[in-house]
Amino acid sequence: MKTFLRIIAGLVVLGVVALLAFIFVPVQRSAPATDLAADWQPEPGQGEYVMHASDCVACHTSDEGESMAGGRAIASPMGTIWSTNITPDKDTGIGNWSYADFRGAMVDGVTPNGTHLYPAMPYENYRLMKEEDLRALYDYIMTEVPAVSNKVQETKLSFPFNLRFGIRAWNWLALTHEPGFTPTSSTEAETRGQYLVEGPGHCAACHSPRTAFMSQDGITASDESFLTGGVIDGWNAPALRGAESAPQQWSTEELALYLATGRNAHSAANGEMGLVVEHSLQYLTDEDNIAMAAFLKGIDGADVDLPDTIAAADHRAMEPAPADAAGEATATMLTEANPDISLGARLYLDNCSACHFVTGKGAPEIFPELAHNALVTGSETKPLISVILNGAEVPGTAKRPMTLRMQGYADRLSDDEVAELASFVRSAWGNDAGAVTAADVAAVRAAGAGH
Amino acid sequence: MTDIPGLPSRRSFLKASAAGMALSGLALPASAQNAPAPVPLDQYQPDYLTADEWAFVMAATARLIPSEGDGPGALEARVPVFIDLQLAGDYGTADDWYMEGPHDANAEPARGWQTPLNPAEVYRQAIPAFNAWCEETYQAEFAALEPAQQDEALTALQKGEVGLPAEVRDFFTILLANTKEGYFADPQYGGNFEMQSWVYIGFPGARAAFREWPTRHNVKYPLGPVSISGERA
Amino acid sequence: MARQEKKKDVVIVGLGWTGSIAGIELCREGLEIVALERGHDQSTVPNFEYPQQIDELKYGVRLKMMQKPSQQTVTVRRNDGETALPYRSLGSFLPGNGVGGAGTHWNGLNWRPQPEELRLRSYVAENWGEEIIPEGMNLGDYPVSYDEMEPFFTHFEKVAGISGKAGNLNGEIQEGGNPFEGWRSEDYPMPPTATTYDSSKFQEACLAAGYHPFPAPAGIASTAYTNPYGMQMGPCNFCGFCERYGCYQYSKSSPQTAILDALKMQPNFSYRTESEVLRVELAEDGKTATGVTYWDHKAGEEVFQPADIVILSSYQLNNVHLMLLSGLGEAYNPLTGMGTLGKNYAYQMNGGVSMFFKDENFNPFVGHGANGMCIDDFSINQNDFGALGFIGGSYWRSGTFNGQPIRNMPLPKGTPSWGAGWKEGIGEWYGHAMSIGSHGSHMSYANNHLDLDPTYKDKHGRPLMRMTFNWQDNDLKMNQYMKSQMEPLAASLNPDVMQSGFKGLGAQYDVRPYQTTHNTGGHIMSANPTQGAVNKFSQTWKAHNVFAMGAGNFVQNTQYNPTGLVGGLAYHTVNAIRTQYLSNPRPLV
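Chains as they are written, first to last, in the working numbering: chain U, 1 to 451; chain F, 1 to 233; chain E, 1 to 589.
Simulated from the structure, these hints should not be mistaken for lab results.
Where a beta carbon is used, it is the ideal one built from N, C-alpha and C, also for glycine.
Heads up, a few of these hints could be off.
What the hints assert, rightly or not - With the Cβ distance kept under 7 Å, some of the chain U side facing chain F (calculated, not the full set):
id, residue
1, Trp40
2, Thr335
3, Asp340
4, Gly344
5, Val358
6, Gln407
7, Gly408
8, Ala410
9, Arg412
What the hints assert, rightly or not - Straight-line C-alpha distance at most 25 Å; calculated DSS-like pairs for lysine-lysine:
id, chain 1, residue 1, chain 2, residue 2
10, U, Lys399, E, Lys483
11, E, Lys298, E, Lys264
12, U, Lys399, E, Lys264
13, E, Lys298, E, Lys6
14, F, Lys159, E, Lys477
15, E, Lys298, E, Lys64
16, E, Lys413, E, Lys68
17, U, Lys151, U, Lys90
18, E, Lys264, E, Lys7
19, E, Lys68, E, Lys58
20, E, Lys457, E, Lys68
21, F, Lys220, E, Lys358
22, E, Lys7, E, Lys298
23, E, Lys457, E, Lys477
24, F, Lys159, E, Lys7
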């Protein structure tokens with residue numbers, strides 16, 4: 001959602017004058033890719049499942065509010081954007097929407113009165129959803145979600161961002177793909193995974209780069225830049241494909257475990273990805289999380305081994321990994337704990353080695369590895385600095401109920417010290433990322449926790 | 001500034017402090033570097049102790065852990081500040097303890113703390129009583145005695161030969177315990193100044209991360225301590 | 001007029017180990033459950049977080065994790081002739097406080113009792129005759145056998161995440177494990193933790209002496225771990241801050257690492273902190289409970305919480321206190337032997353040897369609470385009670401557990417306790433000492449019991465509980481025997497200096513120095529209502545819908561740390577509630 005701010009910036013590039021040409025031309029809705037019979041009925045539970053897969057709750061629920069009743073505030077320099085009430089309440093929600101209205105919002109980003117939605121709503125991706133799923137989701141919202149009367153504050157951005165017709169121009173650039181899903185994967189599992197990743201999961205919204213106009217560069221698997229990594233509000237959404245992709249080094253099972261629980265032998269999901277795990281992925285079947293993992297693993301053509309289930313064992317002991325060849329020198333130096341080590345190394349021993357160990361390998365499913373970790377070595381240093389200062393949290397899930405929290409070190413470490421420490425971990429164990437400055441740290445510290 | 005009678009001279013105190021600084025090197029975190037230098041002990045304004053009590057605690061702790069020899073003494077470690085702050089806090093007032101009556105202060109020591117007084121009150125009542133004993137025995141209050149006499153007086157106090165009232169008979173026990181606490185506690189409590197006590201014995205403080213060390217048999221752990229606030233030595 | 005809350009199926013009193021176990025297992029039956037916890041809520045982060053937790057003064061000395069005596073305490077006397085005086089400041093034992101209870105601040109030593117310990121009276125009678133049982137000793141059998149308990153021990157070890165090495169797998173003795181333990185159906189869930197220098201020296205000496213060393217069974221994770229609830233532990237880094245501390249590393253077995261987040265996710269479970277239960281309310285016929293009345297500290301008022309089942313899972317002392325106050329049985333009378341509540345209060349008989357090696361480095365701060373190698377060669381099933389003249393035994397252990405200098409500064413005898421000599425001594429000896437501990441059984445006696453104090457009251461106006469307790473010759477003889485056997489072993493290590501600390505005959509109970517928080521008995525299990533307060537399923541004989549969990553169930557204390565038996569009994573009890581009680585609520589025995 002934070003992408004949106006940059007999308008808006010892209011809009012300006014188009015210029016207001018060009019927009020005037022199509023302000024008054026009526027908006028058209030795309031036709032369904034599949035025609036369903038009027039009496040078509042979803043399977044029991046299908047709509048709720050699609051809702052989870054599409055992660056509606058995360059954006060359309062405020063912190064203290066009822067589920068999907070909207071009102072979540074997204075602060076921006078242009079003003080606050082308020083997510084809408086999508087419960088079937090007739091006055092304040094979408095209770096009066098026909099299916100065609102609903103479909104128009106999901107596929108074309110257009111409301112019943114023709115107003116364009118801000119593309120914080122990922123209709124670029126939902127556009128790929130199957131007609132059956134859209135119908136099921138609509139049915140679910142209309143018949144099973146309790147109507148909540150909650151008048152959400154109207155989003156009022158300042159000029160020119162308040163001119164929603166501008167989005168129409170943007171849509172001409174962004175919505176070049178036809179509605180509906182086009183499978184390109186070779187196996188049944190990978191095809192299912194492709195669908196979930198491209199469509200409801202809207203992974204590309206964060207993990208694909210953006211064009212000059214800030215639309216997603218790579219929406220489907222046939223696009224070369226699809227899931228090659230994006231940057232959102234100073235955070236790297238890591239590449240999920242390619243030789244440089246850390247998740248591509250994981251097994252399919254590890255990848256699936258990460259999706260279902262937010263943690264695996266290498267990494268832990270915090271920030272935006274933590275929310276995706278918490279509100280969406282943990283509710284999917286093992287089969288679907290494995291399917292997505294299989295699709296991602298196979299996206300560059302690798303053979304994929306499919307695990308049967310995720311986290312099946314009754315209990316499990318997992319030895320922490322030893323240092324790898326690239327990390328051995330660092331591990332040995334830290335083990336010796338010689339008083340004349342560098343300040344960065346000393347700070348690592350004083351603050352980090354307890355959990356992440358001298359190996360930088362951490363421990364499976366609980367302490368993320370720092371060696372070759374995308375967050376540690378990312379082009380953006382804000383995430384690493386933020387984690388050191390403010391800590392991090394991995395939400396509990398049904399399969400792994402424990403909320404894993406790392407405490408922050410804002411009170412214990414000065415800006416200089418955080419810079420030394422961050423620079424150390426970015427260059428230890430064979431990590432090869434640039435140094436961090438005290439000014440970088442000061443900026444993140446000034447922004448405060450939660451950014 | 002005048003030297004307090006019976007205490008190590010100001011010069012030796014400064015010398016000890018300088019040694020402490022040398023131990024901690026230049027590795028202080030920015031937070032500590034920016035912190036103002038603590039006031040010298042003889043200018044310290046106690047939170048709880050009166051001037052007489054402060055003089056006593058300075059003199060007594062200076063004998064319980066003297067400055068001579070290797071390692072910091074109680075004064076270099078600023079133990080008196082620790083004791084003052086503890087007595088001013090919920091330890092001094094025994095907030096966590098069951099203090100309802102009836103009390104049997106004469107109960108056998110093995111029955112535990114039975115005086116109606118809290119630790120702060122024990123200091124308040126015991127110090128003048130002990131000073132009175134010193135006056136009677138040495139014709140001077142404790143702080144004014146020569147170190148050898150102070151040691152003798154403290155020994156008598158420890159052995160229960162001073163004849164303190166039952167309500168304060170545990171005074172020496174808590175004075176010694178509090179002195180050692182102040183010597184070894186994290187510096188945030190006012191003592192263990194610059195972690196000199198930890199450096200002296202080789203305790204790494206709040207590092208609490210030694211996964212590689214259990215199997216390094218008979219190898220002395222080499223790295224100096226870190227405090228809770230991140231101070232390094 | 002007390003506020004009344006909506007009725008629940010189950011009310012749990014105390015959210016520590018046994019309360020958490022009851023909560024999560026009964027939640028799975030679909031019951032509506034509320035847990036009432038006297039203390040505050042606490043989670044690994046922020047409550048135990050690094051570096052604030054690494055504070056010896058606050059937690060090790062000022063005991064800020066513990067129950068405050070101002071909040072709840074007992075009075076203590078050593079025999080019926082003395083006037084009991086309040087345990088005003090903590091010393092000898094340290095009950096916990098807050099969510100997780102004592103399970104947050106323990107050392108992590110997780111043992112099963114030996115099979116013989118659960119049928120000790122019969123074992124003694126069969127081998128030496130009842131005549132060797134001393135006058136005044138209430139020696140008993142547990143009404144459950146080791147074989148019945150084995151699956152529950154195993155399950156608790158999986159939940160709690162225990163590291164160790166089996167010595168007896170289904171009757172087959174395993175090299176490197178404890179050959180004298182009861183059989184195990186499975187090996188430990190995690191391998192043993194690393195061996196520190198002192199442990200390896202002890203191990204070598206034991207092997208040379210023909211003993212059978214094995215790694216201590218540790219509720220301390222040697223690897224990353226996931227338990228049957230999906231809960232997780234991180235590998236221990238030997239920081240040494242276990243006992244008296246919450247673990248910042250997710251490494252110590254505790255309700256927080258093993259159960260609580262999974263429990264809090266259950267929609268039919270809720271819990272209220274700062275809710276101190278004052279009494280269990282009985283129905284008019286006195287045969288069942290109707291719920292509990294508690295003090296809501298936040299609202300400052302009494303609240304009645306009705307429930308169909310009451311589970312007492314507070315600390316042993318507090319469970320017994322609550323039962324005495326609520327009339328859940330008759331108070332024990334040591335003169336007549338009648339009554340059951342407060343009966344068989346027992347403790348632990350410990351001793352040890354310290355050894356000083358001026359040229360060797362032990363890095364005493366590198367360790368954990370359950371670190372070390374042990375032997376069971378002097379344990380209950382290895383001792384000839386008839387020949388030795390006592391009933392009991394101990395396990396020995398050597399392993400660094402904390403090197404925190406305020407409390408852990410062993411110095412050779414003769415070193416001054418203050419002054420220049422003390423300062424020189426700490427510089428010379430810190431880091432150059434190791435120790436062997438003997439952790440011994442404690443039998444039950446008519447003299448040692450719990451009842452209500454006639455004089456002292458708590459903040460709610462309730463009488464404090466009175467503990468009558470003193471050391472008894474049988475256990476002191478056992479301790480002296482351990483001294484006689486341990487000293488030669490210690491001497492075989494050729495230390496520069498060594499010294500022993502074992503209580504001898506005539507020792508009187510001193511409440512000041514810390515000894516152990518293994519307070520047991522008081523609502524003991526029994527085969528019939530005249531002998532104890534609860535049956536083999538921890539169901540009170542008095543009211544069939546009240547279950548009392550924990551070490552209060554111990555007929556006499558074992559030679560081991562109690563948590564393994566407490567956890568096993570909790571699963572045994574909950575299993576009985578699930579499979580036998582819910583379908584037909586009644587006395588199960």
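Taking the hints in turn, this is what the structure says about them:
no., hint, result
1, Trp40, "59 Å, violated"
2, Thr335, "4 Å, holds"
3, Asp340, "10 Å, violated"
4, Gly344, "12 Å, violated"
5, Val358, "6 Å, holds"
6, Gln407, "12 Å, violated"
7, Gly408, "13 Å, violated"
8, Ala410, "11 Å, violated"
9, Arg412, "4 Å, holds"
10, Lys399/U to Lys483/E, "50 Å, violated"
11, Lys298/E to Lys264/E, "21 Å, holds"
12, Lys399/U to Lys264/E, "14 Å, holds"
13, Lys298/E to Lys6/E, "18 Å, holds"
14, Lys159/F to Lys477/E, "31 Å, violated"
15, Lys298/E to Lys64/E, "20 Å, holds"
16, Lys413/E to Lys68/E, "34 Å, violated"
17, Lys151/U to Lys90/U, "11 Å, holds"
18, Lys264/E to Lys7/E, "19 Å, holds"
19, Lys68/E to Lys58/E, "13 Å, holds"
20, Lys457/E to Lys68/E, "15 Å, holds"
21, Lys220/F to Lys358/E, "12 Å, holds"
22, Lys7/E to Lys298/E, "20 Å, holds"
23, Lys457/E to Lys477/E, "37 Å, violated"
24, Lys159/F to Lys7/E, "61 Å, violated"
The structure fails hints 1, 3, 4, 6, 7, 8, 10, 14, 16, 23, 24 (numbered hints given earlier, in ascending order).
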